[in-house]
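Chemist: What follows is each chain in one-letter form.
Number of protein chains: 4
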Amino acid sequence: MNVAFIGMGAMGSAIARNLMAAGHRLSVYNRTPERARPLVEAGARLAASPADAAREAAAVFTMLADDQAVEAVTFGADGLLGALDEAAVHVSMSTISVALCERLAATHRDAGRGFVAAPVLGRPAAAAQAKLFVAAAGEASAMTRVMPLLEVLSQRVTVVAESPAQASVLKLIANFLISTVIESVGEAHALARKSGLDSHAMLEFLTGAIFNAPVYKTYGPLIVDGKFEPPGFALPLGQKDNRLVLQAAEALNVAMPFAAVVRERFLVARSQGWDGRDWSAIGSLAGRDAAV
Amino acid sequence: MNVAFIGMGAMGSAIARNLMAAGHRLSVYNRTPERARPLVEAGARLAASPADAAREAAAVFTMLADDQAVEAVTFGADGLLGALDEAAVHVSMSTISVALCERLAATHRDAGRGFVAAPVLGRPAAAAQAKLFVAAAGEASAMTRVMPLLEVLSQRVTVVAESPAQASVLKLIANFLISTVIESVGEAHALARKSGLDSHAMLEFLTGAIFNAPVYKTYGPLIVDGKFEPPGFALPLGQKDNRLVLQAAEALNVAMPFAAVVRERFLVARSQGWDGRDWSAIGSLAGRDAAV
Amino acid sequence: MNVAFIGMGAMGSAIARNLMAAGHRLSVYNRTPERARPLVEAGARLAASPADAAREAAAVFTMLADDQAVEAVTFGADGLLGALDEAAVHVSMSTISVALCERLAATHRDAGRGFVAAPVLGRPAAAAQAKLFVAAAGEASAMTRVMPLLEVLSQRVTVVAESPAQASVLKLIANFLISTVIESVGEAHALARKSGLDSHAMLEFLTGAIFNAPVYKTYGPLIVDGKFEPPGFALPLGQKDNRLVLQAAEALNVAMPFAAVVRERFLVARSQGWDGRDWSAIGSLAGRDAAV
Amino acid sequence: MNVAFIGMGAMGSAIARNLMAAGHRLSVYNRTPERARPLVEAGARLAASPADAAREAAAVFTMLADDQAVEAVTFGADGLLGALDEAAVHVSMSTISVALCERLAATHRDAGRGFVAAPVLGRPAAAAQAKLFVAAAGEASAMTRVMPLLEVLSQRVTVVAESPAQASVLKLIANFLISTVIESVGEAHALARKSGLDSHAMLEFLTGAIFNAPVYKTYGPLIVDGKFEPPGFALPLGQKDNRLVLQAAEALNVAMPFAAVVRERFLVARSQGWDGRDWSAIGSLAGRDAAV
Chain A
183 MNVAFIGMGA MGSAIARNLM AAGHRLSVYN RTPERARPLV EAGARLAASP ADAAREAAAV
243 FTMLADDQAV EAVTFGADGL LGALDEAAVH VSMSTISVAL CERLAATHRD AGRGFVAAPV
303 LGRPAAAAQA KLFVAAAGEA SAMTRVMPLL EVLSQRVTVV AESPAQASVL KLIANFLIST
363 VIESVGEAHA LARKSGLDSH AMLEFLTGAI FNAPVYKTYG PLIVDGKFEP PGFALPLGQK
423 DNRLVLQAAE ALNVAMPFAA VVRERFLVAR SQGWDGRDWS AIGSLAGRDA AV
Chain B
183 MNVAFIGMGA MGSAIARNLM AAGHRLSVYN RTPERARPLV EAGARLAASP ADAAREAAAV
243 FTMLADDQAV EAVTFGADGL LGALDEAAVH VSMSTISVAL CERLAATHRD AGRGFVAAPV
303 LGRPAAAAQA KLFVAAAGEA SAMTRVMPLL EVLSQRVTVV AESPAQASVL KLIANFLIST
363 VIESVGEAHA LARKSGLDSH AMLEFLTGAI FNAPVYKTYG PLIVDGKFEP PGFALPLGQK
423 DNRLVLQAAE ALNVAMPFAA VVRERFLVAR SQGWDGRDWS AIGSLAGRDA AV
Chain C
183 MNVAFIGMGA MGSAIARNLM AAGHRLSVYN RTPERARPLV EAGARLAASP ADAAREAAAV
243 FTMLADDQAV EAVTFGADGL LGALDEAAVH VSMSTISVAL CERLAATHRD AGRGFVAAPV
303 LGRPAAAAQA KLFVAAAGEA SAMTRVMPLL EVLSQRVTVV AESPAQASVL KLIANFLIST
363 VIESVGEAHA LARKSGLDSH AMLEFLTGAI FNAPVYKTYG PLIVDGKFEP PGFALPLGQK
423 DNRLVLQAAE ALNVAMPFAA VVRERFLVAR SQGWDGRDWS AIGSLAGRDA AV
Chain D
183 MNVAFIGMGA MGSAIARNLM AAGHRLSVYN RTPERARPLV EAGARLAASP ADAAREAAAV
243 FTMLADDQAV EAVTFGADGL LGALDEAAVH VSMSTISVAL CERLAATHRD AGRGFVAAPV
303 LGRPAAAAQA KLFVAAAGEA SAMTRVMPLL EVLSQRVTVV AESPAQASVL KLIANFLIST
363 VIESVGEAHA LARKSGLDSH AMLEFLTGAI FNAPVYKTYG PLIVDGKFEP PGFALPLGQK
423 DNRLVLQAAE ALNVAMPFAA VVRERFLVAR SQGWDGRDWS AIGSLAGRDA AV
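Chains as they are written, first to last, in this note's numbering: chain A, 183 to 474; chain B, 183 to 474; chain C, 183 to 474; chain D, 183 to 474.
Do not rely on the hints blindly, as some may be mistaken.
One copy or two, either will do: identical chains are not told apart, so a pair holds if it fits within one copy or between any two.
In silico lysine-lysine, DSS-like type, Cα no more than 27 Å apart, as pairs [as the list claims (entries may be wrong)]: (1) K422 / K376; (2) K313 / K376; (3) K422 / K409; (4) K409 / K313; (5) K399 / K313.
It is worth saying that the hints were derived from the structure and are not from the lab.
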């Protein structure tokens, strides 16, 4: 299948490579073309623009940092919007606002093009091993066409809704839940340390019992060991996702006290100059407040 | 081995039964003796007092609702304290305050008796199947003597420290973490519902991905389905444990913003008259605030 | 002096009337012209557009509901920007975002026009009696020119800075502080009621002692008596100002936990359908949570 | 009138002196007798015990640091309880828990003695000038007897209820409200500083407008100038009162989010080693978090 892939960051490159390995012909685009070089050397075509990448592609993936980037490659000059084949499907994997997701869905629907929101859970290492988890939402016909591609790049695809915006909500909820794990383990660690309880023993017990999930096993040690550099997911990006979930909730008048606590943690963290750290660094603020 | 078991609630009865099934001779005590009848019918000796139960026992277990109950059976008239054999070990499985755990440890140490704090994670059904998780702490010699008993009643024993009080801290931390899962899933559910996202699809995706731990699989459906009765763990008991973790943290000047949010949820829940519900009912307050 | 006044809401009309009473010639503009009729009947000229109002005016006041309205009358087609005399000063009294205030300041500076931010404290009744408090900021030359006008419409003008944006910050801070009074009195009232303490006696004691300021005397009785309709300052506008102060703080990485609590109160209030109530209605949520 | 005064701290000594200046005969007691010396030199009788002080007194005042101290002088060996004349009234001015106040009321009622709770607002300087504000509660007959004394030592006595415990609630509410002023001004100051707005100009504007009450005029400058030493009211005492209001609210299932934020501020402050500072030092934590 002809596949376009826009966004050659750590996540996008890893995913695109898996699609190519499954036999698909890729055209790739990145704003700074050097980052696309490894894929091009592996056989992908380097596109000159999002529109150029999208031409003749049956599926066009976007995996970008934020709303602005997605808007630019979609609606901008030489954006993918004007170049989509009649039968093509735009697959948006980025974590974007619910509002933008709704706008994308409406635009493609009006233009008679397919659109699937397919945000993922997983870090770059998981992407490289095709171990991502995909939350997909879109109309059935579009979903059917891209499902084989989503299955190639992930360990599991869950179709969560027909409305793409709901996949966007779900992704924001997932990142919100991760942030609550970070904060709660951070508070637990602060109390453990000040009590003289070994935090590694604490984690061993918890993740050996009812907390034996990757979210605790991944973030627990980062917080307990204070290993926040280099970042797996940079703190300002984590803050962005917290902002997006609060925006989505505010639009519906939903108060989320835990999300509000996390919001403040990000502000304090940024005031400390921690932009270069992993977002799990907010898990160290409870300890800082307690002077441990 | 001669084993005494004090506290014949749902948890205690199930655990005692497993000890008896492993071939140990049990003497059991409960303030209201009727609740001990099933064990007695299964072959246990009914003791007239905690002291009576403790006499000639190599290990004396206590599994009771709160500090007051543990104090009564330990330090009260006919309490176990005066009746412990020289080689006996008191095994405290109750969720109690750190301060009481320290007092018990000091008392037994001064009296030359063994003491192991062994709080557990798991609900009555898990106790019945010997699937509990035990966080044990105590001096090595006492620990060695009771380890075979702990292994019989659980699926895993983690020795987390030498100081018993630290097992108490760990248990409070574990319950704190469960409460944060309840609150965070409650907020997620409120946002999902108001967004039109199906909360069951949300849970399916999350627990199929990096949240695939019993804590999410157990509490998620309770909250999403609003199944808070009958209670598995009554709301006032959950509030008590929240109070205990905040007390432990306050004694060490540790601020725990998430625990503070949970504290308020319990107060609101009790004002609504929800004492008869499961503690996970606090997970419905985000939805109530959002009028969904 | 020729004065233009844009925005004929309750506040704007009252202020404009005082300027006219002091002998100034007013041209007035409002998007829906009917609301300007009382002023026109009192002798003001009805302008067809913001630009029309601004022509030949020495001072152009804007007093509007939000950023969007101020942007429209300033930068929009027939906006005041193109019609300002060389010596004219734009006096912005609206509560607007710091970002918009900075943009207005920069635009006027680049165009060689005067600009003074002069937000006010006080409700319509105070405006009618020229009892407002003005926090003014702007370059000295512009300030000098409009000071006589500001003095006419208020009981006190405080020049708080040279940079207009700082008057905007101060206004947002003032409204934030009022919101904290509302919330704190609401919590006090909930506790008093449930304790059997008469809340009127409570207020009498407090406002007779160290809390004897209008902010407590005005909002205390509203909350204690539950008099939230008709609104003096509508709840959605109060929420808007809370949003603005949080935005200003977020831009500078300042965590404001009290503002965050107030933010959630507004969300809950709006979910209850309280858009038609006074913003002090958030002071009733503590009581609602406590079921009093 | 024969008056006993127990508690010769800064507040108690100043109040006792005013009673003596009004012509009353005082017997005074303090655990460490040296602190009573100035009063004795001015003509008071030094009592050997609370009981000794109370003998033949028509009114017995207690003004002590906390519940423990009040319990000791009341119920302890040689406590005032056994020595009260039939017609005597115990006037409790200390800030104590609602529970202790209820216990005192019940005890005196059962013994047929008068009891008035009369906590005060004001610092030692105000006490010295008889400028305190008294919130009094008690049965009418007892109130009548001590009213002339209360009027001598204050600028205003407000009878707020018949039930003494409600004066206790009111005092805790008053201190809670002061703590919210401290926190809110602290947040405002952090935002002002980071915005480049002069915090003194901010205070001048606010306290010249609707915030012109002593609570803002007293605490605002302390926070803006960072003048936390020597303490007027020590931080651990402020924390104690926050604990008492939260306890009173918890007993009635009242959630107080602002009080909860203040609770955390005190914990962080104590972790920083600020026990020797004024309680208004918690108003500096917003700035610390924002790194200003």
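Chemist: Now look at each hint and say whether the structure bears it out.
Modeler: Hint by hint, here is what the structure shows:
Taking the shortest Cα distances, K422 and K376 sit within 27 Å of each other only across copies (22 Å), while inside one copy they are farther apart (32 Å). For the homomeric pair K313 and K376, neither the shortest alpha-carbon distance inside one copy (38 Å) nor that between copies (31 Å) is at most 27 Å. With identical chains, the CA atoms of K422 and K409 are at most 27 Å apart within one copy only, with a shortest distance of 21 Å there and 34 Å across copies. Taking identical chains as interchangeable, the C-alpha atoms of K409 and K313 lie at most 27 Å apart only when both belong to the same chain, with a minimum of 23 Å there against 34 Å between chains.
Taking the shortest alpha-carbon separations for K399 and K313, both the intra-copy value of 16 Å and the inter-copy value of 21 Å come in at or below 27 Å.
Against the hints set out earlier in the document, a violation occurs for number 2 only.
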